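Novice: Residue numbers (this note's numbering), protein chains in the order written: chain U, 4 to 365; chain C, 149 to 750.
These are computed hints drawn from the structure, not numbers from a lab.
Computed from a predicted structure; not experimentally measured.
One thing to keep in mind: the hints can contain errors.
[As the list claims (entries may be wrong)] Subject to a maximum C-alpha distance of 30 Å in a straight line, what follows is the list of computed DSSO-like cross-link-like pairs (lysine-lysine): (1) Lys140/U / Lys160/C; (2) Lys160/C / Lys360/U; (3) Lys366/C / Lys240/U; (4) Lys240/U / Lys194/C; (5) Lys67/U / Lys325/C; (6) Lys160/C / Lys13/U; (7) Lys545/C / Lys584/C; (8) Lys510/C / Lys240/U; (9) Lys160/C / Lys240/U; (10) Lys240/U / Lys192/C; (11) Lys180/U / Lys160/C; (12) Lys381/C / Lys240/U; (13) Lys294/U / Lys545/C.
[Unchecked claim] Pulled a few chain U residues facing chain C out of the computed Cβ check, cut under 10 Å: (14) Thr24; (15) Ser154; (16) Pro156; (17) Thr174; (18) Gly176; (19) Leu232; (20) Ser266; (21) Ile279; (22) Phe285; (23) Val292.
Just so you know, even glycine gets a beta-carbon here, dropped at the ideal spot from N, CA and C.
Below are the chains, spelled out letter by letter.
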Amino acid sequence: MNNLLMLFKKTDHYLLGLIITIITLGLFTLASSDQSGTRLVLSQLINIIIGMIFMVWIVLTDPKKIFFYAPFLYLFSILLLLGVLFFGYESHGAQRWLNFGFFKFQPSETLKLTVPLILAWLYSNNDKNINIWQHLKAFILITIPFYLVFSQPDLGTALMISFCGLIIIFTAGLSAKFITISTIIFFAASPFLWLSLQPYQQKRVLTLFDPFGDALGSGYQTIQSMIALGSGGLIGKGWGNATQTYLDFLPEASTDFIFAVFSEEFGFLGVVGVLIIYLLIFYRCMFMVSKMQDTFSRLLSIGITMSIFFGLLVNLGMISGMLPIVGVPMPLFSYGGTSMVVSLISIGIIMTLYNNKTLIAN
Amino acid sequence: MQRSQLKYTFQKRLGFITGLITILIFIIGLRFFYLQIFQYDFYKLKASNNSIRTIPIEPSRGIIFDRNGKVIADNRLIYNLELERGRTHNLDEIIQKLAPIIKVSSSDKELYQEILEANPFTDSIPVKTDLALDEVAAFSAKRFLFDEIQLKIRQKRYYHFNDITAHLVGHINRINKTDIEELQKNDLYKRYYASRHIGKTGIEKSYERLIHGFPGYKQIEVNAKNNVIQLLKTVPATDGDNINLTIDIELQKLAHESFGDKRGALVAIDVNNGEILTYVSQPGFDPNLFIDGINSKNWAALNNSKTKPMLDRVIHGLYPPGSTLKPFVGLSALENNIRKPPFTIDDPGYFNIGNKRFNDWKKTGHGTVGIIEAIKVSCDTFFYGLGLDLGVTQMNKDLSQYFFGRKTGIDMMNEKAGLLADAKWKKNKLNQSWFKGETAITAIGQGFTQVTPLQLAYATALIANPNLNQKPHLLLYSEKKELFNNEQTPPKVSLDNLKLIQEGMLQVTQEGGTAAFLGKGISYSMAAKTGTAQVFSLQGQEYDEESLPEHLKDHALFIAYAPAENPRVAVAVIVEHGGHGGSTAGPIAKKFFDNYMKQISY
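With these hints in hand, go ahead and build the complete structure from the sequences.
Specialist: This is the structure we're talking about:
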């Protein structure tokens with residue numbers, strides 16, 4: 004009992020409350036989109052419980068251990084990615100899954116943790132004197148997983164992981180001059196990048212500008228999702244009345260497009276409510292980061308907060324037709340085991356770093 | 149870089165990131181505002197199917213074959229004239245306009261109204277179904293006159309054997325409100341959005357899950373004038389499974405014919421695996437009448453008929469088993485170590501309980517009778533005493549082992565369990581106490597006991613093959629090779645005791661047995677038991693078959709299996725009001741065996 008009380012004191016109540024709210028909303032939406040009865044809801048509940056156990060375990064872990072294991076975890080996730088390339092299980096034209104028999108696992112999700120880990124580890128090893136060489140090392144550490152995920156091919160996750168890494172480099176103190184120059188170079192190089200995209204990815208980017216131009220093919224998902232959102236209006240159609248979900252109008256209604264179902268059912272007011280909760284989650288994380296004293300805690304927390312944020316951004320951009328369809332789940336909301344567990348572990352890490360903020364600094 | 153300087157940069161950049169998060173989420177919010185508020189009307193219109201429409205595709209219902217692949221039920225293509233739902237039609241005017249080329253009857257009109265009200269999902273409703281080919285030609289020629297009417301090709305279920313398989317295969321009918329509620333309750337409604345029909349009785353109902361299939365749909369984009377601009381997506385329907393029944397339709401036909409206009413039932417079970425070869429319930433009806441909703445005249449005729457053609461006598465008909473119960477009661481006695489050879493009685497033709505006299509069917513008595521003889525000549529006196537010694541509780545317990553008083557587990561809906569009565573049942577039901585005499589008459593299959601023809605046939609199969617570990621069943625296999633577990637533990641029995649009963653039943657068809665005339669001149673050996681079930685208590689008067697009105701005559705029962713030394717098939721026959729079992733039900737069973745043997749000797 005005392006242990007439980009201790010544990011409760013150690014978790015951040017604001018953050019915990021906000022996260023549970025989001026997870027609950029996600030479950031309710033899943034229940035209404037679940038064409039198979041309650042199978043998905045039950046399996047998502049199991050995902051949540053597993054994620055929560057991991058979260059609690061992390062909260063009780065000494066951050067020094069996390070620091071110690073950072074390089075190994077990074078290497079391990081790179082190995083898993085290589086495993087996907089050689090033994091992966093193909094779904095919808097992309098190899099993203101490893102099949103362990105009783106569960107399937109998406110290694111690219113783990114990078115959302117291990118890339119921030121390795122970068123924070125790298126910078127904190129020599130935080131008295133952060134120079135351009137460290138930034139270069141960091142850049143290489145981002146490029147390797149980027150390339151591996153990119154060749155799965157999963158452009159969305161690859162870009163998200165690298166954005167997340169770039170944000171860490173940015174907060175670690177990369178000079179403003181350098182940032183400006185590299186941005187210019189990036190735009191200059193973008194035509195070559197375009198040519199290196201798979202035809203289906205190019206098509207997805209193109210449809211973004213005119214989804215109705217290819218209503219039968221790649222514009223289909225975007226159109227259906229936008230119809231679902233738009234027809235929700237101000238107050239929505241009510242829980243369980245998402246007519247676009249019925250009859251399979253909306254593809255992937257329980258995973259990537261679950262928020263389209265929510266928007267259709269609860270309208271703009273519901274959307275605003277959810278956005279505010281997410282915003283509060285990020286503010287709370289940022290507040291916690293600002294109280295942290297050491298480089299490792301700060302950079303790691305920023306990195307994983309940003310990976311949750313980018314997940315949200317890309318997912319919502321995708322379902323509202325602002326970004327191409329790249330297959331990124333909505334963190335803490337979409338159906339899916341790996342994503343849920345990784346998100347909850349992320350939250351656990353921020354909590355334990357915050358709890359031990361003075362300990363590490365000393 | 150100094151540590152303090154680094155911290156400054158860090159806090160500043162943290163602020164920058166927080167600002168970035170806020171702005172990006174705000175932009176997302178704006179985008180949702182634009183879509184959900186600003187463009188609400190546009191998307192609402194889209195969502196309400198004005199631009200993308202879904203057209204359901206009905207799955208084709210699985211074909212039902214017999215065990216040899218002969219078609220029992222399949223689908224015919226028919227032409228319908230249909231009106232689109234959602235537009236208002238002046239039905240009378242349309243009918244009048246059609247009159248010179250196609251006559252629309254008042255029952256067609258009734259059907260239209262009924263579907264309009266009861267089937268909210270159907271997108272077009274037939275004004276006239278199953279057009280003759282010359283009507284199709286006539287309509288096509290003048291099509292330009294009727295732009296609101298569509299000529300559609302539909303599938304219609306067709307039962308090839310009419311009344312011969314009416315109860316067995318059952319029939320489909322239009323989905324009604326009760327069906328919808330039932331489907332919603334079981335979360336199956338989504339499988340039916342393209343369907344108009346559902347299995348209502350028989351195999352069509354019990355294997356609905358397999359036969360029905362899964363609907364598909366087409367998505368088309370249409371403009372404001374309802375013209376199709378393009379086909380967006382087609383998800384084809386998954387047709388229902390074709391299934392093979394264990395029934396041999398040739399045997400079924402012959403068995404049906406052998407009833408003539410008699411009423412009753414015949415069930416034949418393969419004793420080695422529980423497969424039902426023949427499933428006859430007489431009289432039948434034409435299931436094809438039901439497919440699009442039976443009209444009220446036909447319904448009244450079927451429903452009010454005194455012969456009860458709609459009753460599936462095989463599993464829903466309850467009859468007193470009469471003397472056909474004796475082999476099972478005898479076996480129970482042997483298993484409880486009473487009446488074992490060399491035990492015999494000396495039968496004077498009656499049995500006294502207190503001051504009440506119970507007569508044997510043969511007034512002069514059967515002389516010295518043991519268990520084998522008692523079955524052979526159907527000696528009532530032997531069983532009166534046996535019943536009293538055994539007691540009704542033990543008797544029921546053992547009979548229940550042979551699935552009397554409980555369901556056999558056949559793959560049909562709502563099988564009746566029948567009845568094994570005892571003191572407790574009588575107290576509850578009639579609030580009367582149980583008399584000793586009732587135990588005695590229960591032992592000869594009279595009294596309250598009720599059985600279905602299926603129970604009799606299955607119990608007989610279990611006598612013929614004590615290792616039969618399969619439920620009686622009608623599905624041989626389905627196209628998708630789904631596995632169905634039909635296993636069922638057979639009753640535990642001593643083989644020595646069983647042999648005595650088998651011997652008794654074999655002697656029934658031998659010289660001196662109650663069905664000796666059936667055993668004459670057949671190439672195979674038959675073990676059997678005759679039975680006569682009283683419908684009407686004569687209260688002391690003489691039973692005279694000739695003078696009694698038809699509906700008071702006894703039911704004739706007959707159970708048998710053959711060949712006796714190496715059993716293959718067990719049969720139960722009931723002829724309602726057929727008089728003595730051996731003389732009316734027996735020949736029907738014999739004819740079945742003759743046909744069966746002829747077939748397997750090929």
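Novice: Each hint: holds or not?
Specialist: Right, here's what the structure says about each hint:
1. Taken as a hint, the lysine 140/U and lysine 160/C pair is honoured in the structure, with Cα atoms around 24 Å apart against an allowance of 30 Å.
2. For the proposed pair lysine 160/C and lysine 360/U, the alpha carbon gap of about 20 Å is at most 30 Å, so the pair holds.
3. The hinted pair formed by lysine 366/C and lysine 240/U meets the criterion: a straight-line CA distance of about 25 Å does not exceed 30 Å.
4. This hinted pair checks out: lysine 240/U and lysine 194/C have alpha carbons roughly 15 Å apart, not beyond 30 Å.
5. Proposed proximity of lysine 67/U and lysine 325/C is contradicted: the alpha carbons are some 66 Å apart, above 30 Å.
6. A C-alpha spacing of about 28 Å is found between lysine 160/C and lysine 13/U, which places the hinted pair at or below 30 Å, so the restraint holds.
7. Only pairs whose Cα atoms come within 30 Å are accepted, and lysine 545/C paired with lysine 584/C is accepted, the gap being roughly 18 Å.
8. For a cut-off of 30 Å, the pair hint linking lysine 510/C to lysine 240/U is broken: about 81 Å separates their Cα positions.
9. For a cut-off of 30 Å, the pair hint linking lysine 160/C to lysine 240/U is broken: about 44 Å separates their Cα positions.
10. Proposed proximity of lysine 240/U and lysine 192/C is supported: the alpha carbons are some 11 Å apart, at most 30 Å.
11. Taking the CA atoms of lysine 180/U and lysine 160/C, the gap is near 16 Å; set against the 30 Å cutoff, the hint holds.
12. With a C-alpha separation of about 26 Å, the suggested pair lysine 381/C and lysine 240/U falls inside the 30 Å cut-off, and the hint holds.
13. A hinted pair counts as satisfied when its Cα atoms are at most 30 Å apart, and lysine 294/U with lysine 545/C does not qualify at roughly 80 Å.
14. At a threshold of 10 Å, the smallest CB-CB gap from threonine 24/U to chain C is about 16 Å, leaving the interface hint violated.
15. Because the beta carbon of serine 154/U sits about 28 Å from the nearest beta carbon in chain C, more than 10 Å, this interface hint is broken.
16. Taking 10 Å as the C-beta cut-off, the interface hint given for proline 156/U is violated, the closest approach to chain C being about 25 Å.
17. At its closest, the beta carbon of threonine 174/U sits 5 Å from a beta carbon of chain C; the interface hint therefore holds under the 10 Å criterion.
18. The interface hint given for glycine 176/U is met, as the beta carbon of that residue sits about 5 Å from the closest beta carbon of chain C, less than 10 Å.
19. The interface hint given for leucine 232/U holds, since its Cβ lies 5 Å from the closest Cβ of chain C, which is under the 10 Å cut-off.
20. Proximity of serine 266/U to chain C holds as hinted, the smallest CB-CB distance being about 7 Å (cut-off 10 Å).
21. The closest approach between the C-beta of isoleucine 279/U and any C-beta of chain C is roughly 9 Å, which is under the 10 Å cut-off, so the hint is satisfied.
22. Given hint, phenylalanine 285/U at the interface with chain C, holds; its Cβ is 5 Å from that chain's nearest Cβ, closer than 10 Å.
23. Restraint check, valine 292/U versus chain C: the minimum CB separation of about 6 Å is within 10 Å; hint holds.
The structure fails hints 5, 8, 9, 13, 14, 15, 16 (numbered hints given earlier, in ascending order).
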